[in-house]
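Everything in the sequence shown is counted per this note's numbering, starting at 40 for the first residue and increasing by one.
Just so you know, these hints were derived from the structure itself, not from any lab. Even glycine gets a Cβ: it sits at the ideal position worked out from N, Cα and C. Check before you lean on any hint, since a few could be wrong.
[Said to hold, decoys possible] In silico DSSO-like links for lysine-lysine, alpha-carbon gap of 30 Å or less:
id: 1; residue 1: Lys639; residue 2: Lys387
id: 2; residue 1: Lys502; residue 2: Lys512
id: 3; residue 1: Lys279; residue 2: Lys319
id: 4; residue 1: Lys688; residue 2: Lys401
id: 5; residue 1: Lys401; residue 2: Lys437
[As the list claims (entries may be wrong)] DEER-style ranges, computed between Cβ atoms:
id: 6; residue 1: Asn421; residue 2: Glu654; range: 45 to 53 Å
id: 7; residue 1: Asp425; residue 2: His608; range: 15 to 23 Å
id: 8; residue 1: Tyr533; residue 2: Asn433; range: 49 to 57 Å
id: 9; residue 1: Trp395; residue 2: Arg148; range: 53 to 61 Å
id: 10; residue 1: Arg531; residue 2: Leu505; range: 17 to 25 Å
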Amino acid sequence: MSERTTERPGSLVESHKGYDPRLILFYFGISVLLLTLAGGLTYQQLLKTDSYHDKERMQNQRRILTPGPRGNIYDRNGNLLVGNRPRFAVTLNLDELRPQFKKEFVKIRNAYRETDDRNLPTPSELDQVARFTVVQRYLDQVNKSLNRAEELDGQALTRHYRQQLLLPYVLVDDLHPEEYAKLIEQLPVTSPLQVYTSTTRHYPYGSAAAHTLGFVGTVNLEDSLPEGLPGDELKTFAMKGTAGRDGLELKFDDRLQGETGGTIYRVDPAGYRVNPPLHKRLPVQGNNLVTSLDIDFQTAVESAMATIELPGAAVALDVATGEVLVLASKPDFNLSDTAPRISSVKYKEIDEAGGWYNRAVKGTYAPGSTFKIITALAGLRNGVIDPEAKVTCNGAYKIGRRLFPCHDGHAHGEINLATAIEQSCNVYFFEMGVKMGPDLIAAEARRFRFDRPTGIELPYETKGMLVPDPAWKRRITAQKGLPPDQQAIEERWYEGNTANYAIGQGFLLVTPLQMACFAASFARGETETIPTLLHQPDRPRQSSAPLGLTPEQHQAILLGMEQCVISPHGTARILNTPALRIPDLRIAGKTGTAQVATPKGTINLAWFICFAPVERPEIAIAVMIEGDTPGEELAGGRYAGPVAHAILKKWWEKKKAAPVRTLTVSK
């Protein structure tokens, strides 16, 4: 018999009491899922709050960078050489024109529909047409107000709208001050049209010291941001900044560079700005630079060089400190043509004229007879030259079968060292140079740092200067890989090489700046002058090794250099004519004329170095004029001397009222 379940009276349903493990497993699974969901929500809401906050900021905040004005550049007397001028532009804030863009969009779309035009443009194309129409309407207002005929560049407008919406769009750039004043009176404060003021480099003296001061070019501000500027993670819009491209602007760019400012805005989903800004840091102007230049001397010498209309360079130094008073190179360029940017047409024009080339610090030239002072020093210090001993000049010096002519082809007769310097007798220095040999001449040139750059605070100073000697010639000949017999011929140093070396020609190459440093060193009675373009009112006197001459030897050279200027037979006698004589100023000078072969033929290089006053030297000058008449006698005095006179005259006018400074000369 089967078992039957007993039912209680009144029970309608049969009940079973049991345990189902499958339900427990199901409950467990649901619990795990709920706990996972709760943990995930907790993690997302609590632990990743900062991450989501950062993403939100990146989506709805934008940063705008504004360049800081560059620092000013002054001359030693406080005259402004490079500054900043305001640059005015009419701008349009596109993010304020949203309602007008939408209204114009609807208007244009309806016009197409009313004409039943089946070629209805796409919404994107309609947007562009609407924007162009609205912006053109504002430009028409500006043109009418200023009597201009500016045209709207549709591609530039579209590119700006898509890439730089938060920045003001420039409708008309570089307004005249009168136009600026007129618009300021007419434009309502609430108008999306505004006059935007920025800065650009200003050059009060035009082309003066162009190569020394240098110029700037545009750069991206994101490349060099100040520390602590917030918003690195945000999408950034930056106005164009500037950076030095040459001269002092490049060398001291870190000092002159202004500090970038930044503003952070909230933007809506369409990318339009929501005022007011969330954060704002104003840009800061860069530090100023005080140079050693004297703009009065600089403009005087550049005017004199412009009169000659030949390429050249001029340098003037303070003898005691090495501060550069003048550094000029011609041809040059007007610095104002480079700001805010230089056109390709103007760049090409300057390039074809040779205006970018700084001849004072980059150009290497044979120094001609100005180098005879080095030859004299080498001969005196090594006992080869006796200041009073006479040499007979018959107009030429014979080496082997070749005659080396004197500078003017005439015989000077019996002359000593002072007279040889005064009249620049080649024969005297041919004979002395051959006697002492090239190595002593080279060693003396190296004592005065002719074999290395001066270290002036300018970029791109040449390293192409050359102090040759026999070892150098052997070395460069070996590099050519010539056949042995030909190499033996070319590597040999001949007496003719030494003769040319002694008068500053041949392989020797120097810069005008080096010659000015030499003049300053000799004037101070020492061997080294380190030039500087930074002015320091209490700068100490430079000091280096003494010349190593006896008083009699030093006096012989000094006498020859002074007689070069004041003697009727001196090669710089033009400076003693009524037109150029400077009363009460004693000048020690030396001219030089070197011949250089060029693709256009042989030309002369006219040199003049000097210092003054003779009794207490304070200013040293070197002038080089390139490209005068081939073979012309006394070219150094005729062309370079008057340029030096322009500096000396202006310097003496200032000096006469100043207290006298005594300078001790080392022997």
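Do the hints match the structure? See the list:
Pair hint Lys639 plus Lys387 holds up; C-alpha atoms about 22 Å apart against a cutoff of 30 Å. Taking the CA atoms of Lys502 and Lys512, the gap is about 18 Å. The hint holds against a cut of 30 Å. For the suggested pair Lys279 and Lys319, the alpha carbons sit about 18 Å apart, so the restraint of at most 30 Å is met. For the suggested pair Lys688 and Lys401, the alpha carbons sit about 27 Å apart, so the restraint of at most 30 Å is met.
The hinted pair formed by Lys401 and Lys437 fails the criterion: a straight-line CA distance of about 36 Å is larger than 30 Å. Between Asn421 and Glu654 the beta carbons are some 29 Å apart, a value that contradicts the proposed interval 45 to 53 Å. Separation of Asp425 from His608 is about 22 Å and conforms to the stated range, judged on CB atoms against 15 to 23 Å. At roughly 22 Å, the beta-carbon separation of Tyr533 and Asn433 lies outside the given 49 to 57 Å, and the hint is violated.
For Trp395 and Arg148, the hinted distance range of 53 to 61 Å is satisfied, since their beta carbons lie about 55 Å from each other. Roughly 18 Å separates the CB atoms of Arg531 and Leu505, a value that falls within the hinted 17 to 25 Å.
Hint compliance for this structure: hints 5, 6, 8 are broken, all remaining hints hold.
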